[in-house]
Amino acid sequence: MYQHLDQEGFVLPYANGKVVCVGRSYRDHAEELNNPVPESPLLFIKPATSLTPLSEPLVLPAEAGPVHHEAEVALLIGRRLCKADAGTALAGVAGVGLALDLTLRALQDELKAKGHPWERAKAFDGSCPMGPFLAPELLSPLQQLDFSLMVNGELRQSGNTGLMMWSMGELLADISHSFTLMPGDIVLTGTPKGVGELNPGDALTLTLDNKFAFEAKVAK
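In my numbering, the protein residues as written are 289 to 508.
I should point out that these hints are in silico values taken from the structure, not numbers from a laboratory. Just to be clear, a hint being listed does not mean it is correct.
Dumping the calculated DSS-like pairs for lysine-lysine here, alpha-carbon to alpha-carbon at most 30 Å [stated by the list, open to error]: (1) K505 x K371; (2) K306 x K402; (3) K499 x K481.
Computed spacing ranges between beta-carbons, pair by pair [stated by the list, open to error]: (4) A374 x S428: 16 to 24 Å; (5) D397 x M470: 26 to 34 Å; (6) K508 x A374: 41 to 49 Å; (7) E458 x E425: 19 to 27 Å; (8) K481 x Q431: 15 to 23 Å; (9) A401 x E425: 43 to 51 Å; (10) D397 x K371: 32 to 40 Å; (11) S455 x I333: 18 to 26 Å; (12) G375 x R408: 35 to 43 Å; (13) K402 x I333: 15 to 23 Å; (14) D373 x N448: 36 to 44 Å; (15) K499 x E344: 20 to 28 Å; (16) I333 x A374: 15 to 23 Å.
Source: prediction; values computed, not measured. We treat Cβ as the ideally placed atom computed from N, Cα and C, and that holds for glycine.
Whenever a hint applies, use it, and build me the whole structure from the sequences.
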């Protein structure tokens, strides 16, 4: 089971909670998949069983079709947020990290075409590889965080949170008006363009704020 660790590897005092994901928060990603650009944040949830350490080999459910990577900035919630405003919500962030929203793309396309929920394509076991969390004060303002994903030395995704259609505080506040966020919950804030297929043996490097790099490997 994934544990919440800080950059030094110490266990943080939070139980694994739900993972709230924001879809299409970057306009360029919505456009690359020919999806409508939403007028308000598009939300879906991964269960705690989707969490797996980014440092362990990523096991792809190959029998289920192509698995795509979606690199995202992740926010660890440290206090209860219920119907919060943007400023209060932002103060509830206890850690910032990087995650992968692994997606069974062909299955997701099939589900979307039928008007069905996405969970079978998004919420399977191990679908949320999660790196360690950093204290927010170690990073640039959350609204201007650079992040990237390289696969086998090739740059696949590069984004900046300033390009999101909603600020971090606005996202958290919006979520908290739909359902309460609890300590240990994680919010994935969305992915920029460049999503693509992962294959056995791929080597991944995720970089946050041009200062912190995290390595991952897809199991063969």
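* Taking 16 to 24 Å as the hint, is the beta-carbon distance of A374 and S428 inside that range? -> holds, 18 Å
* Distance restraint evaluation - D397, K371, Cβ atoms, bounds 32 to 40 Å -> holds, 35 Å
* Range hint 26 to 34 Å: satisfied by the CB atoms of D397 and M470? -> holds, 33 Å
* Pairwise beta carbon distance, K508 to A374, judged against the given window 41 to 49 Å -> holds, 44 Å
* Given the proposed pairing of K499 with K481, does the C-alpha separation stay at or below 30 Å? -> holds, 22 Å
* Kindly confirm whether 15 to 23 Å is satisfied by the beta carbon distance between I333 and A374. => holds, 21 Å
* I333 and K402 - C-beta distance against the hinted 15 to 23 Å -> holds, 20 Å
* Given the range 18 to 26 Å, decide if the beta-carbon distance of S455 to I333 lies inside it. => 21 Å Cβ-Cβ, so the 18 to 26 Å window holds.
* Could you tell me whether the CB distance from K481 to Q431 stays inside 15 to 23 Å? => With a Cβ separation near 19 Å, K481 and Q431 satisfy 15 to 23 Å, so the hint holds.
* Asked: If you check the beta carbons of E458 and E425, does the distance land in 19 to 27 Å?
  -> Between E458 and E425, where Cβ atoms are some 21 Å apart, the hint holds.
* Given hint K371 paired with K505 - CA-CA distance at most 30 Å -> violated, 39 Å
* Asked: Do the Cβ positions of K499 and E344 conform to the proposed distance bound of 20 to 28 Å?
  -> Check passed, 23 Å falls within 20 to 28 Å.
Checked against the numbered hints above, the structure breaks hints 1, 14 and satisfies the rest.
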